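Place chain B on chain A using the hints.
Heads up: the sequence lines are chains A and B, in that order. According to the working numbering, the stretch in the first sequence is residues 1 to 340, in order. According to the working numbering, the stretch in the second sequence is residues 1 to 274, in order.
Careful, some of the hints might be misleading.
DSS-like mimics (lysine-lysine), calculated; alpha carbons at most 25 Å apart, straight line [stated by the list, open to error]:
| # | chain 1 | residue 1 | chain 2 | residue 2 |
| --- | --- | --- | --- | --- |
| 1 | B | Lys-121 | B | Lys-81 |
| 2 | B | Lys-81 | A | Lys-243 |
| 3 | A | Lys-243 | B | Lys-77 |
| 4 | B | Lys-194 | B | Lys-81 |
| 5 | B | Lys-239 | B | Lys-253 |
| 6 | B | Lys-65 | B | Lys-77 |
Pairwise CB distance ranges, derived in the manner of DEER restraints [said to hold, decoys possible]:
| # | chain 1 | residue 1 | chain 2 | residue 2 | range |
| --- | --- | --- | --- | --- | --- |
| 7 | B | Ser-233 | A | Ile-250 | 50 to 58 Å |
| 8 | A | Ala-327 | B | Glu-95 | 23 to 31 Å |
| 9 | A | Leu-333 | B | Gly-115 | 31 to 39 Å |
| 10 | A | Leu-333 | B | Asp-179 | 18 to 26 Å |
| 11 | A | Ala-327 | B | Asp-179 | 39 to 47 Å |
| 12 | A | Arg-7 | B | Leu-180 | 31 to 39 Å |
| 13 | A | Gly-314 | B | Gly-115 | 50 to 58 Å |
| 14 | A | Arg-14 | B | Gly-115 | 51 to 59 Å |
| 15 | A | Ile-241 | B | Gly-115 | 16 to 24 Å |
| 16 | A | Leu-11 | B | Ser-18 | 49 to 57 Å |
| 17 | B | Glu-95 | A | Arg-242 | 47 to 55 Å |
| 18 | B | Gly-115 | A | Arg-7 | 17 to 25 Å |
| 19 | B | His-206 | A | Ala-207 | 55 to 63 Å |
The hints are simulated quantities; they were obtained by calculation from the structure and are not laboratory data. Quick caveat, the model's predicted, so the values are computed rather than measured. Backbone N, C-alpha and C fix where the C-beta goes; we use that ideal spot for every residue, glycine too.
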Amino acid sequence: MSESPFRNRSLYRRNLSIAILLILLLALALIMGLATGPSGMDLTPVWDLLSGNPAGDALHIAIIERIRLPRVLMALFCGAVLSLGGLVFQALLGNPLAEPYILGISGGAATGAILGILAGFARIPGISLTAFGGSMVTLFLVLILAKGESRVNRDAMLLSGVMVNAFCSAAIMFLISISEENKLHDIMFWLMGDLSSADMTQVGMVALLITPCFVIIFLYSHKMNLMLMGRDMARSMGVSIRKTTLILLITTSFMVSAMVCQSGLMGFVGLVVPHILRQLLGSDHRILVPATIIGGGFFMVVCDLLARWLPREGEIPVGVITAIVGAPLFILLLKRRRTS
Amino acid sequence: MMADSPTPTPYFSITHLSTGYGDHTVLSDISLAVHPGSFFIIAGPNGTGKTTLLRCLAGLSRPQKGTIQINGTLISKLNRKSLARRIAFLPQSVEMAFSLTVCEVVLMGRSPHLGILGVHKEADLALAEEAMAFTDVLPLAHRSIDSLSGGERQRVFISRAVCQQPEFILLDEPTSALDLAHQVRVMDLMERLKEERGMGVIMVSHDLNLAAMYADTLCLIHQGEVAALGAPSDVLEKKRLEDVYGCPLFVEKSPVTGALHVMPIPARLKGPSG
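Here chain A stands alone, though its shape is the one from the complex (with noise of 0.2 Å):
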């Protein structure tokens, strides 16, 4: 072992293959998601808009223009959100279960967007606040009722999250009970996680707000690094532990319910990729954010994809099927910390 433990060619060469493949990975789903549609998949029309032939069939690609293009892109920004948002409430809590979905933020998020259909807010700015609202009030119920346990029980931020959703949840649903008849389907909207609706102006809404979000986010990913040696350790190796926690949780819910009030709820998106991404790429934050941000739009564009293409007739909304996939292996995880 003359050569240093620091200078691993082959760790170097593994994590980048797995990041060129990740965006391989996107980049063919995208194509999928745009050339599929109830008709099936044809490659042709897209390959039209992304080369400009102008002698392409100019019904089918505005089709994909106006149509497929926003939902693809939707949907990968919004795996995108909610999967950075798993790994950033998982590495401050210290928990590998901490997900906006479950810890009651998306629920939050979507009672104000309730409350603010209600009202008759426009969706931006009036209702992505009154959502943004409803997850700050999730947020420090949450940490409020967590704050008086011990360290030792680290679950308590959990049954917090758990006990603040089912409040929203019924909060939810006295909503809908008092709702007329016209605005049910937006709210019904909001329940299922539906990609289906968005547009270009919606999708550039998203990406303003939440770029900013990532770029934060990824400044403070060395931070997360040490946060996971534990409070005091962090601290002394020089993080501010308050101001980190404050600035990470406040800009993740604002991206969080920026993006449920366009894309609805959809559970355990940031539960599944990041425990698949620190699997493959260990828990290096400075890593793992990047790579999160494309590894949940990939997912997403996928789940939304299935749920166009699985049922003979219609669609499943997407968010059925993400949780679908991240209820089992919620459990999964929830089994091997009990037995560890």
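Showing chain B alone in chain A's frame:
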């Protein structure tokens, strides 16, 4: 009470420090000094505030009253990062939710010297490698922390602290979970840090025998106050220790090391009067 006092200005100076949780006082009116490059051990019965004192010195807990100065600067005036360049801290137990490799953990020690993303230079890698060689964890370099034994883990965390290049290293009961050989190994490492690199060591320990063999200064804390402070040979007095610990003890000079050794006496050997 100050023994060994031809030394110059102290590194840590604590004046009238008091602290507690709510109404419960943990430390009351503690004043003491720790000199640069010394091996300082804090001992005392359970729940007397040893860990709290160490945490105050590491800047992790804020005293309610009194001040702590590091080289003449108030600890509260130093930000986290500049404090981290001076002091490394090793808590009693480190729980990690996600596993890291030995290399990653050791290299983290460089963070206080690096920018926000922790991007390291060649020199940082060399320092980390050297720190790993010092604590003999190079062969474990790519192992995951989860897969190590208690003694190996402790050496990795010490390696991380060494890599931080602090002026003082603060440890909370680093030997309590280790077997005899590993205890001595950790203590020897601390002694070498002090002798070879002039790094100061402050350690909370329950092991009076190890303290007697390694410490320059032993601070005995009892009920939140300093019961005795000085060279181990002065502090480890049978009568005083029996008062502090509330049990009969046997204190004797070891023929091998020349240090005092303290042994508790089982209740069945006590006289009928106790």
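Hint by hint, which ones does the structure fall short of? 10, 14 and 17
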